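**Q** For chain A, the structure is supplied; the task is to place chain B on it using the hints.
Residue numbers (this note's numbering), protein chains in the order written: chain A, 56 to 610; chain B, 56 to 610.
Heads up, some of the hints might be wrong.
The list makes no distinction among identical chains, and a pair is therefore deemed to hold if it is satisfied within one copy or across any two copies.
[As the list claims (entries may be wrong)] In silico DSSO-like links for lysine-lysine, alpha-carbon gap of 27 Å or less:
#, residue 1, residue 2
1, K203, K63
2, K245, K63
3, K76, K387
I should point out that these hints are in silico values taken from the structure, not numbers from a laboratory. Please read these numbers as outputs of a predicted model, since none were measured by experiment.
There are 2 protein chains.
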Amino acid sequence: MNRQNLIKTALGKKEPDLVLKNATVIQVLTGELLTGDIAVCDGYIAGVGRYDGPHTVDLQGRYVSPGFINAHCHVESSMALPELYCQEELRFGVTAVVTDPHEIANVAGNEGIQFMLDRSENLPLHYFVQIPSCVPATPLEHAGSVLKARDLACFTQHPRVTGLGEMMDFYGVSQCDPDILEKLSLYRHKVLDGHLPSVPQELLQPYAAAGIQTDHESVSFEEAREKLRAGLYVLIREGSGSKNLDAIMEGVLREGLDTSRLAFCTDDKHLLDIHREGTIRCHIRRAIELGMPPVTAYQLATIQAARIYGLRDIGAIAPGYRADLVILEDLKQVSVSDVYVGGVPYRDLSLRPPMPPVPERILHSVHLGGISPDCFALPEQDCYPVIHMVPRQILTRKGILTQDEVSQGLTEGSLLKIAVLERHHATGRMGLGLLAQYGLRHGAIATTVAHDSHNLLVAGDSDEDMLLAVQELERVQGGYTLVQNGRVMATLPLPIGGLMSDLDVEPLTEKIQELTRCAYSMGVNPGIDPFIALSFLALPVIPEIRITDMGVVEV
Amino acid sequence: MNRQNLIKTALGKKEPDLVLKNATVIQVLTGELLTGDIAVCDGYIAGVGRYDGPHTVDLQGRYVSPGFINAHCHVESSMALPELYCQEELRFGVTAVVTDPHEIANVAGNEGIQFMLDRSENLPLHYFVQIPSCVPATPLEHAGSVLKARDLACFTQHPRVTGLGEMMDFYGVSQCDPDILEKLSLYRHKVLDGHLPSVPQELLQPYAAAGIQTDHESVSFEEAREKLRAGLYVLIREGSGSKNLDAIMEGVLREGLDTSRLAFCTDDKHLLDIHREGTIRCHIRRAIELGMPPVTAYQLATIQAARIYGLRDIGAIAPGYRADLVILEDLKQVSVSDVYVGGVPYRDLSLRPPMPPVPERILHSVHLGGISPDCFALPEQDCYPVIHMVPRQILTRKGILTQDEVSQGLTEGSLLKIAVLERHHATGRMGLGLLAQYGLRHGAIATTVAHDSHNLLVAGDSDEDMLLAVQELERVQGGYTLVQNGRVMATLPLPIGGLMSDLDVEPLTEKIQELTRCAYSMGVNPGIDPFIALSFLALPVIPEIRITDMGVVEV
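This is chain A alone, in the form it adopts within the complex (with noise of 0.2 Å):
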């Protein structure tokens, strides 16, 4: 920015780039509606206030909001690479992302991380980096790389570095672990993310303690007060999986708590998700349905998150913040009419830049064991732990059945076999257990998006189905995939890491739905989304049972 042209412009002497006349601007810094020219110099707002020049947009007493902010997500959860998840972020007025690339950095450790940095770092959104801090996510699975301190230590200095990901090993920080305590200390002087599902209020003291400023995990207004009382910035999460806005908003407004220390998130959101709806316009648009004052829902998506992350720039319309601006048809719609980045419009940016390419070890990273069709057989034993699916949940319930009542299920497809097969190194770990209420008749389904160590979960009720769905991820190195009766019906290659296609917007949501319908053609239970619900299977730090390369283990 140049300051000098900033003031002359503000001060009139000086010829704003362009200026956006009869705006109605939906003032964030004081919760206010307000009319006025918003005058932008050198891509930041000059002054908003009576101001002309040889670029004008008459808005018409349209409403402008600053760029959107979501506060927390993993953009490889879309499946997409940054360059197109920004694209579609950015259509519906998201102009800044603070991400967490702690998928791809269990797959492929640092490599991973700056893979995600260098190929955002031309893109026109401004994305913000939290570094991963828990990988492997626990001790209970092999992931692809191991990250301690003296690993994470490179990142700090990185300009679009804004702290530590979510800490999810709260028995490591609650025991004082030294490893931990260092990643908490490098980043000390940024932003530590926390994550804590269902975390009892005297447990949530030694995690602020340990000096961890957010959580994304709350699903009920009571536990969203406890992390807001225990100083925790809360961010309300609204994602493919996970919907948590309605509970806490509806508790917030009831009770007239104080607000500002919310912000708003999607976590894990698919591309197909976002290309429909965006993202931080649907809590906007939900929030004001409940209830909220339109602005101040407005505020949750701009300027208090710029504040949790400490981005000075962002968030608001006034003189010296950049020019993010969202216009919109209408201000409880959240309809989105244009979107103006640095104060160019969005889709006059270089929206695809020039990229780095993706490193071998990223492209090719499903490197299996020996395996054959008696991997899949169960030992003998009295009894066997079964994972019970929660419909329109990540949660589990763990059940107990005799053998008999295995062999019963796994005949008359009331129950699955589930295998996770270590997929970065080769070693030929797996585990095996058993899954019910997914749904799956006569075939299987694997892919390589298992939260957070991402090897390769397969699930089905034939074994040579699901050694053929195993082969055929290997084959194309990671996706989703579906086989019946001995024949692939679909796959979805992601060989970026066996979690990000290279398809562009149209041909990855098209490929989406074609397997979303396969799925449910083969008997998925409606109430389950065949691929999230599936990927969250492996993830050992959300209760209440859950199977990794290691076996079955309760949470």
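**A** Chain B only, in chain A's frame:
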């Protein structure tokens, strides 16, 4: 802070150093009043919940606020040294101050700034410093020092320096003066304070565009709102001279304006007033009286000031925050019964730690050129500008009188002569003018506290008494003095830079009271503070007419 100890204490695995049992916590993070025990470890809050330990204090339900923060003050204006000032602030619950040593900087330049940094190094209260940006305040006067950007570069890394002090040179900012832009740039990652009395909206935009973030000069709600809209934080001032809270707050409450970018400050408040009533507690009490929800008022006094100045570990009661706590008998009266700093009752702390000596330059700062009674003879001219004081304001109004009217006014006592003598470098430069509405008869008053250059200001109706007053201040090396009919009536020596006393609190406050009584007995207008109002007559950044060592100036 030892993180391990803090985490273990929070978990209940280690005994807290102190437990404040049965507190009613003013939870400024959520806007609630909550009950619980506050556990303290190593000076920090470990947790709020159920805690016990060998050292407990039962608060029996009394209110506990985070320590108050005075967001902008000039310690020198109290006439006391930092250690005395802080002791008086602590008594009434202020545990952190953001100071701007621009008075001493005008006398002694960088040596003055360094002296205030050194003198505040080991104080029990958190003493943050904004480096003076405008020494001298304007080109219309001569101060003891001239500080350019290159002079200020040495302070940027000091751990207690939070930014650049109030930028008063609006003209320089709007003209993109290179040295001013360099000063702003030097401190651009910290906080840039502003100073914008009565500036119209269209001139606010360039000021904010320059990166300036705060202002404490608003005297009306409308003015404060315009500044907030332009992106400035508004620090609401209640000092000895300027009292702006009622006007601003009534509007804020009436219009329901968002209060999240407001905080409280004193700017200039005398030790006598602080000793009698404190500082920030007066803001809180009055805001509540005016109808602000009590916890909101405490938010302005604590977390919001902390947020503005990037003070991450103060301003709230939650794990990881400093155990700076104010115990209150009454929420609305803000009656302070005890104050803890870092978990220790402030009275148990070393309130007068070993202090570095006062440098020679600062102890002998009054250097006058040769003077004689005929210095004060008015030049012959047709008409004369007159400075009219305005009761209860630091603003002035301009009048014009003929020679005859002036002669008559001086004889009748409705006019005084007023002179400003350069006193730093013995240049002999002097400005002479006329003063109305002050009200002194048969004598003179003189002071070396004359904002912001702190030259020697003298006013009186007798040339001989004026001369004697000047000589008296030269003798004691600065302060205030009153002379009547050839006799020194009372003197308050302020030998430290001509600004601060070396007396302790009691003798100092008694002396101030003595001088005040004496001034009124000599005829000073009851609506005018005899010292503060006089001290601002030389400040050429405040409208409408002032006097400096270069003469009478219109602002």
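**Q** Could you tell me which of the hints above the structure violates, numbers in ascending order?
**A** none
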